[in-house]
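Engineer: Listed below, chain by chain, are the residues.
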Amino acid sequence: MCLAIPGKIIEINNDEHSAIIDFDGIQQKVIVALVPGAKVGKYAIVHAGYAIELMNEKEAREAIDQWDEMSEELGLDLNDVI
Amino acid sequence: MDIPGSEILKSKKFTEKLIKNIKANLDAIAKKVKLMHVCGTHEHTISKYGLRSLLPEGIEIVSGPGCPVCVCPAADIDKAIELGKRKDTVITTFGDMIRVPASNISLSELKAEGSDIRIVYGPNDAVKIAKQNPNKEVIFFAIGFETTVPLIGYELKTNPPSNFSVICAHKLIPAALELLISIDRLNIDGFISPGHVATIIGLKPFELFSKSYRVPNVVAGFEPNDVLLGILMLLKQIKSKKYETINEYSRVVKSEGNEVAQNVISEVFKSTVSPWRGIGRILDGGLAIKEKYAEFDADKKFDIEINDAQDIPPGCSCHLVMTGKIYPNECKLFRKTCTPINPIGPCMVSQEGTCSIYYKYHSD
Ligand code: SF4
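Line by line, the protein sequences give chains A and B.
Heads up: the first sequence at position 36 corresponds to 36 in the working numbering, and the numbers run straight through without jumps.
Count along the second sequence starting at 1, add 82, and that's the number in the working numbering.
For the record, the hints were derived by calculation from the structure and aren't laboratory data.
A hint or two may mislead.
In silico contact screen, one side only, chain A against chain B (beta carbon under 7 Å); selected entries [stated by the list, open to error]: (1) Y50; (2) I52; (3) L76.
Estimated spans, in silico, between C-beta atoms of each pair [to be verified]: (4) R61/A with R200/B: 39 to 47 Å; (5) K114/B with D24/A: 38 to 46 Å; (6) K29/A with K113/B: 45 to 53 Å; (7) G25/A with N269/B: 23 to 31 Å.
Built from N, CA and C at the ideal position, the CB exists for glycine as well.
The task is simple: from the sequences and hints, build the whole structure.
Structural biologist: If you want it as structure tokens, here you go:
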């Protein structure tokens with residue numbers, strides 16, 4: 001039920017508070033009224049046809065980089081995992 | 083869709099390292115650890131990728147009441163069924179909801195008898211149906227946790243037609259966690275908290291558990307490596323006896339949550355004592371529609387009273403499954419009379435129900 005999946009915003013319709021979002025090649029109209037910063041090129045996390053959060057490439061990278069910082073404390077070495 | 087950073091999320095080598103570290107930490111803790119998640123999507127990840135079998139024996143991961151379809155009381159479904167029997171109504175709801183057995187029949191059985199029951203993808207589709215059918219009363223049977231609530235709130239705020247109304251059966255996760263902590267025998271050592279609930283409400287409501295109850299909490303994402311990293315973060319806290327609420331899913335969850343969505347929720351809804359199927363009444367465990375939006379509240383609009391609803395059918399152990407007291411295969415009906423084709427209890431219906439997930443991914 002609380003399933004939400006990421007997609008990339010490819011078009012915004014400000015009048016309707018909606019956007020066209022691309023989910024791995026499948027494009028869908030999504031309501032973006034709950035995420036005021038919605039912009040073409042950003043990623044949206046979409047639940048039941050509504051974007052509930054946004055992220056951009058930089059933020060997503062930074063979040064993963066934080067894992068790198070945490071990794072030392074957690075006793076993990078992330079250098080050769082990819 | 084592959085988001086930036088997904089290479090590491092999907093890395094098998096990282097999985098191996100996580101498991102190795104989890105083992106080392108568990109050895110240092112030198113006792114059994116019981117962790118609970120409260121999200122059907124987490125159970126899905128854990129079962130699908132066989133995470134329980136990858137983890138060392140001393141770690142038990144139990145499933146809490148994380149399926150909104152399962153915790154929706156039979157009385158609310160009975161209410162939707164009574165309204166659906168009327169000639170001028172259309173009942174709309176999410177897909178999983180229509181097959182859930184209520185006291186007598188399910189919404190899908192009512193549909194087979196000729197009532198107008200429709201599955202919608204989101205509440206906006208229900209509003210659309212109301213606009214297209216001005217001579218009918220279109221009722222959206224609204225279930226879901228904090229992730230789903232703002233969607234319905236948004237529709238109520240943006241002038242739906244007067245023939246649209248909502249059966250408000252929304253539930254709130256933090257109150258349920260608080261109740262679970264206080265169940266003595268459960269002895270939960272840590273919570274894997276639901277990432278998409280936290281996306282809306284932020285980290286603060288979860289901090290209560292780490293601060294006041296001293297139960298560590300990790301808000302986690304839904305890839306197998308997210309869950310494993312979350313488990314490692316919990317073990318670290320148990321080992322050091324320093325309890326916090328950590329955001330593992332920071333690529334999506336902001337510590338303050340989605341404030342726009344929170345404002346929508348508080349504008350339209352108020353928290354209330356709420357019955358959870360199989361668990362009982364929980365203080366602040368659910369939401370009711372505020373007076374300002376009463377015209378869209380199906381409870382106020384239609385005079386329907388349900389007495390003597392039956393939440394747990396004879397022989398069903400959903401109440402024990404949902405509080406992590408037993409695994410589905412410990413229910414004597416599991417895989418015998420109760421299957422996804424012929425579900426006896428709510429946990430076997432929804433794709434997020436623990437029994438249904440267990441049925442799909444376990445052979446015992
Ligand atoms: S297996 Fe069926 S009857 Fe048993 S607890 Fe699960 S849903 Fe209820």
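Engineer: If a hint holds in the structure, say so; if it does not, say that too.
Structural biologist: Going through the hints against the structure:
Of the supplied interface hints, the one on Y50/A holds, with its beta-carbon coming within about 5 Å of a beta-carbon of chain B, less than 7 Å. Satisfaction of the interface hint for I52/A is found here, the shortest Cβ-Cβ separation to chain B being roughly 6 Å, below the 7 Å cut-off. For L76/A, the interface hint holds, since its Cβ comes within 7 Å of a Cβ in chain B; the closest pair sits about 6 Å apart. For the hinted restraint 39 to 47 Å between R61/A and R200/B, the CB-CB distance of approximately 42 Å keeps it satisfied.
A hinted range of 38 to 46 Å holds for the C-beta pair K114/B and D24/A, which are about 41 Å apart. Separation of K29/A from K113/B is about 52 Å and conforms to the stated range, judged on CB atoms against 45 to 53 Å. The hint said 23 to 31 Å for the Cβ distance between G25/A and N269/B, and at roughly 47 Å that hint is violated.
Hint compliance for this structure: hint 7 alone is broken.
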